[in-house]
Amino acid sequence: MGPLFRLTLNQLTGRWRIVIMTVLASLPVLFSALVVRGSRAPFVDEFEVIVISTMLAGSIAPLIIVAIASVAFGNEVDDRTLANLTLSPLPRWQIVLPKMLGALAVSGPFILGSALATGFVAYNRDATAVLAVATGIGVGLMMYTSFFVWLGLVTKQAIGVGLLYIVLWEGFFSGYVEGIRYFSIRRYATALMHGIDPRRFAGEVHVELAATSLVAVGVCIVFFVLSTRRLRTMDVP
Amino acid sequence: MSAPDPVIRVEGVSRWFGSVVAVSDVSFEIGPGITGLLGPNGAGKTTLLRMMTGLAGVSDGSVTMFGQPVRDNPALYRRVGVMSEHETVYTFMRGRDFVRMMAKIRRVPNVDDAVERAIAQVDLVEAAEKRMGTYSRGMRQRMRLAATIVHDPEVLILDEPLNGADPRQRVHFQNLLRRLAAEGRTIIISSHILEEVEQLAETVLLIINGKLAASGGFRAIRAALDQRPYHVRVLASDPRRLAGEVVQLPSVDAVNVDPDGGLVVLSNNVRDLQVELPRLAQKASIGLRRVEPLDDSLESVFGYLVER
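Here the protein sequences come in this chain order: A and B.
Count along the first sequence from 1, then add 378; that gives the number in my numbering.
Count along the second sequence from 1, then add 6; that gives the number in my numbering.
These are computed hints drawn from the structure, not numbers from a lab.
Note that CB positions come from ideal geometry on N, CA and C, so glycine has one too.
Fair warning: there could be bad hints in the mix.
Here are the in silico distance ranges between beta carbons for each label pair [as the list claims (entries may be wrong)]:
| no. | chain 1 | residue 1 | chain 2 | residue 2 | range |
| --- | --- | --- | --- | --- | --- |
| 1 | B | R174 | A | T611 | 37 to 45 angstroms |
| 2 | A | K534 | B | P299 | 49 to 57 angstroms |
| 3 | A | G491 | B | P173 | 49 to 57 angstroms |
| 4 | B | G63 | A | F561 | 29 to 37 angstroms |
| 5 | A | V595 | B | D11 | 41 to 49 angstroms |
| 6 | A | D613 | B | L182 | 27 to 35 angstroms |
| 7 | B | E189 | A | G491 | 49 to 57 angstroms |
| 8 | A | V414 | B | K136 | 51 to 59 angstroms |
| 9 | A | D613 | B | A260 | 45 to 53 angstroms |
| 10 | B | R137 | A | G380 | 15 to 23 angstroms |
Covered stretches of chain B, going by a simulated chain A footprint (3 or more residues, C-beta under 8 angstroms) [to be verified]:
| no. | stretch |
| --- | --- |
| 11 | 77 to 87 |
| 12 | 92 to 104 |
| 13 | 110 to 122 |
Using the sequences and the hints given, assemble the complete structure.
This is the structure in structure tokens:
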């Protein structure tokens, strides 16, 4: 799996991608710093909904991941290089796994760095709070990655479909339709933060920590299996 | 003694995309040696090759290799090397790194030796450290071939492999394929450069409009096309008088007189014509200076089948 992991890192680390990821990842940190030091600091629950949930977990993280994970296979399909990989004796899961890990390895440092720095700034170095935010975002990162990698295999418009999903589903519906929280990665990420540090998102109703963890693992496994299955059954260009 | 099992067996294979039938009920068997797959653009060659490699599924029928299904059978790719018609390379990679990666994902035991051997076989040792984005098209093709043969496959499926190669590279490539075939490999090569396929392939499969129009040795195919008018060019001392005599032969369908005085005879039975023409000329006291077949090449056979 090493050669495919390295190949994926090479494919996903273009200069412009790094610049865009850096800019996006720094936005929540800068915004948090401005809010915290401003003369009219918001209440904690307001801040968490606006910055941690909507901005970081619901926008910045999925935007970075969709730009990286959906092209992990998407570029191979567009460039017709996927056959190089599928015409090998590797079991299909050994092609999917390094692609997912490669996407995680590229986007992870930016997103986790952003989560850690945002938590550090916003919660005044409260280690539990920072850990909760970083863990919640980290688990969301894995769920988003598995979903967008699969999306890159099933449609050539993965980035467009992914953006629609981020804006409509995670951004709009999950914020306003109560039942959506059971089907929203953002809401599972915040539930995880609450489970680790009950002070976080204290005013909301959350899925239990154990259930959240199970669902997170389940989502990753389901999309990993779907990607593997797709690679077995698709017509490779 | 029974015939050896074919390496590749294609049985009643069809493939359609919506209402478009790309390949229709094609059956054939391929054994060791070089087999040429011919057909005009859009005939279904690439779709057929993709089904033979397992890259695409069949709508109907089956494809097996070494008795095993080719689709969703990764273990089979230890024994197969496939080179698609597209320039599927990673332009940011160095040539040697590309071949090495392909060797590793195919689990070649001694990677370094295999990589150097494959690159030497395609005569690209000096360019192996350059990025593939800087290669000419012919160089990319050769490095792709190195990656295709690096795991020493028993079966090679090459879709338009000579694209972009210069004449020297073509000769080198042909010699390499002959050598690989002589070692007992099964090689399927698709090309629109018919002369090269004619020179290389022992067996030819002609695909037209998604159907197998003919298969077998080049001469066998030619013989099978007995309804086809056979073009023979005749230079004679009195071409106009000879034309009047020849057109009455039962083996001749038509005669045209070229502006330069040569006759182009369309025969429906060239064997009879070979016997009758000298007799006729002798009887009419017309000197025959030259008799030459105009269409004893794969290209002409191919052209005829395409037009039919």
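Here is what the structure says about each hint:
1. With their beta carbons about 43 angstroms apart, B:R174 and A:T611 fall inside the hinted range of 37 to 45 angstroms.
2. For the pair A:K534 and B:P299, the beta carbons lie near 50 angstroms from each other, so the given range of 49 to 57 angstroms is met.
3. Remark: the range hint 49 to 57 angstroms for A:G491 to B:P173 is upheld by a beta-carbon distance near 56 angstroms.
4. Checked against the hint of 29 to 37 angstroms, the C-beta distance between B:G63 and A:F561 comes to roughly 32 angstroms, which is consistent with it.
5. As the Cβ distance of A:V595 to B:D11 is approximately 47 angstroms, the hint placing it in 41 to 49 angstroms holds.
6. Between A:D613 and B:L182 the CB atoms are about 30 angstroms apart, so this pair conforms to the stated range of 27 to 35 angstroms.
7. Range check, B:E189 to A:G491: about 55 angstroms between beta-carbon atoms, so the 49 to 57 angstroms window is met.
8. About 52 angstroms separates the C-beta atoms of A:V414 and B:K136, a value consistent with the hinted range of 51 to 59 angstroms.
9. In this structure, A:D613 and B:A260 meet the distance hint of 45 to 53 angstroms, their C-beta atoms being roughly 47 angstroms apart.
10. The hinted window of 15 to 23 angstroms between B:R137 and A:G380 holds, with their beta carbons roughly 21 angstroms apart.
11. With 7 residues carrying a beta carbon less than 8 angstroms from a beta carbon of chain A, the stretch 77 to 87 of chain B meets the three-residue requirement, and the given coverage holds.
12. Under the rule that three or more residues need a Cβ within less than 8 angstroms of chain A, the assignment of the stretch 92 to 104 of chain B holds, with 6 such residues.
13. Three residues within the 8 angstroms Cβ limit are the bar, and the stretch 110 to 122 of chain B against chain A gives 4, so the coverage statement holds.
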